[in-house]
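Visitor: Listed below are the residues making up each chain.
Protein chains: 2
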Amino acid sequence: MVKARKYVVKRYFQGVPKKDDFELVEYELPQLKTGQFSVKAEFISVDPYMRAYGYRRPIPYDQFGFQIGTIIESKNPDFPVGCRVVNHQGWCDYSVVTDLTENHSHVYLLPDLQGLPIELALGALGMPGVTAYFGFLEICKPKAGETVVVSGAAGAVGSIVGQIAKIKGCRVIGFTGSDDKVQWLEKELGFDKAINYKTADVNKALKDAAPKGVDCYFDNVGGELTAAIYKQMNLYGRVALCGCISSYNEDPTTYKTSSLLPLILYKQLKVEGLIVSRWYEPENRWPEAIAALAQWIKQGNIKARSHVTEGLDNLYDAFVGMLAGENMGKALVKV
Amino acid sequence: MVKARKYVVKRYFQGVPKKDDFELVEYELPQLKTGQFSVKAEFISVDPYMRAYGYRRPIPYDQFGFQIGTIIESKNPDFPVGCRVVNHQGWCDYSVVTDLTENHSHVYLLPDLQGLPIELALGALGMPGVTAYFGFLEICKPKAGETVVVSGAAGAVGSIVGQIAKIKGCRVIGFTGSDDKVQWLEKELGFDKAINYKTADVNKALKDAAPKGVDCYFDNVGGELTAAIYKQMNLYGRVALCGCISSYNEDPTTYKTSSLLPLILYKQLKVEGLIVSRWYEPENRWPEAIAALAQWIKQGNIKARSHVTEGLDNLYDAFVGMLAGENMGKALVKV
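Residue numbers (my numbering), protein chains in the order written: chain R, 219 to 553; chain Z, 219 to 553.
By construction, these hints were calculated from the structure, which means they are not laboratory data. Any given hint could turn out to be false.
Intra- or inter-copy, both count: the list cannot distinguish identical chains.
[Said to hold, decoys possible] The calculated DSS-like cross-link candidates involving lysine-lysine, where the alpha carbons are at most 27 angstroms apart (straight line), are: (1) Lys224 to Lys422; (2) Lys521 to Lys359; (3) Lys221 to Lys552; (4) Lys359 to Lys221; (5) Lys485 to Lys228.
What you are looking at is a predicted structure, and each value in this text was computed from that prediction instead of being measured.
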């Protein structure tokens with residue numbers, strides 16, 4: 219019998235998630251049935267959508283999320299023992315994958331990473347990378363020479379979007395929350411300009427950085443920063459809305475922001491929300507994005523960075539740290 | 219010499235436009251130069267964009283807007299004396315059309331209205347009709363059987379959008395501001411349901427009227443009504459944003475609304491702002507829309523209503539009345 223531990227959410231988050239909203243439950247893994255297999259986790263992902271989407275599930279629920287693990291027992295010939303697998307089993311050290319047909323089960327054998335570190339399968343070569351790739355290319359439809367703004371630019375998705383935009387010949391401006399991140403974006407990732415929104419005069423800094431206005435905006439944060447960026451967008455600008463991390467800890471019944479509608483109207487902007495599962499179902503296009511991203515990383519055109527916390531016991535800290543913007547690149551926990 | 223009168227805006231509007239923001243100026247029409255012609259106005263349009271877009275011009279400016287008139291003198295062989303013309307000369311009884319190449323000059327001979335009343339060239343067969351036609355069909359991309367919501371449904375644009383949606387086989391729900399308008403929309407225009415947003419429980423009324431959720435939303439008003447409608451939109455819903463009349467009299471530096479971004483994100487909505495001039499330049503597609511709309515009116519599939527105020531002296535009242543929602547159908551002034 220395998221002793222397993224998993225995080226269960228006992229209470230819907232209000233404001234910043236609290237440690238005792240979670241319970242770390244110990245239990246014995248059940249026997250496998252036909253088609254099932256069990257996994258020992260190696261890396262577990264912490265992502266903003268874990269804050270945003272919990273309210274859709276009945277309480278209590280097992281904390282969902284991507285992980286990479288090794289198959290330790292299997293009654294499924296497609297998933298043999300010893301293989302590495304990417305799955306959506308969440309915050310747990312051992313688990314049984316019970317239903318491959320379940321919506322958003324997102325279980326697949328670790329793809330060919332062309333020798334790159336396996337943890338990238340949770341970052342640039344996983345959900346965040348695929349989000350950046352399709353979200354930016356298919357919704358922003360960037361053209362060479364255009365000006366692209368990315369918010370949450372040092373995060374798992376934003377850092378990849380900015381680098382894809384550079385590959386596509388765009389001028390790239392990133393908004394981020396610390397001077398260290400500004401340095402990283404400008405000096406290592408090749409952003410034309412990075413701006414610390416916490417200390418800069420955002421309007422002025424953006425005007426200086428984007429004298430011809432903004433054509434594409436990849437938005438991870440929402441809120442007042444987004445309102446300031448919309449003000450400098452050009453006619454027919456395109457916005458890919460990927461996240462609203464600035465509002466995830468707000469109470470949606472009372473939270474108010476500057477209205478974006480007049481700006482969308484007068485500039486005739488196109489704003490589209492995106493969730494990466496749209497490129498998974500009905501048609502799984504993730505392999506296409508992962509292959510392209512792996513190629514770019516191998517060629518040195520994209521640098522992928524992981525921000526690793528050690529230990530299952532530190533998942534909560536890694537999660538709230540990521541929500542507070544402590545990570546550069548992809549936030550992960552190594553089990 | 220022709221004595222002419224025109225409305226000049228002396229001060230940018232703040233809140234509801236005030237009578238003394240305008241000055242009614244009397245002057246003598248200048249002599250025509252080659253290529254110019256003079257027009258005696260018959261009908262003058264009052265529209266929400268007159269409230270919204272004035273800030274873009276230096277003060278003082280002549281109040282812009284569409285009118286229909288007759289050419290009384292001409293040094294332009296394309297615009298002969300005696301012909302009727304649609305132009306953007308604004309709030310004036312006589313004027314000289316000086317520059318046909320000017321951006322948004324929008325001067326064209328009255329199109330063939332197939333015997334329909336000429337004032338429709340300012341409504342269903344003019345700018346508002348073209349806005350409704352392309353904005354709804356090309357941005358909402360409605361499919362038969364889908365549920366369509368229109369706000370400002372009894373206005374010049376909204377009333378046409380709803381009827382086009384019925385022609386296309388959609389279920390149509392309109393939001394409007396009085397019980398009289400509700401009656402008109404349901405009994406005469408064939409809306410499946412009209413809701414008085416001032417008196418109804420908007421969330422409940424919409425849930426009852428749209429049990430399968432909302433696929434397309436044609437938005438003329440913005441504000442909290444729009445937030446309520448977004449909440450009931452379906453995955454991948456499409457929003458054509460045509461106006462924000464609810465906020466035109468608000469101070470944009472302090473005006474706050476419920477944030478729409480989380481809804482756009484989670485439902486993966488596509489929101490696009492539109493201004494009708496995009497179908498005029500670089501390519502003039504207005505004739506295509508006007509011909510289709512005239513056909514539908516002749517067939518009885520679209521009912522076009524004008525709300526006519528008499529007299530140049532009453533333009534201000536007609537304008538603020540329209541902003542307050544006093545009109546059913548297209549608000550016009552007969553000179």
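Visitor: For each hint, tell me whether it holds in the structure or not.
Guide: Hints, verified against the model:
no.	hint	verdict
1	Lys224 to Lys422	neither (47 angstroms within a copy, 40 angstroms between copies)
2	Lys521 to Lys359	within (22 angstroms within a copy, 40 angstroms between copies)
3	Lys221 to Lys552	within (18 angstroms within a copy, 84 angstroms between copies)
4	Lys359 to Lys221	neither (48 angstroms within a copy, 54 angstroms between copies)
5	Lys485 to Lys228	between (45 angstroms within a copy, 26 angstroms between copies)
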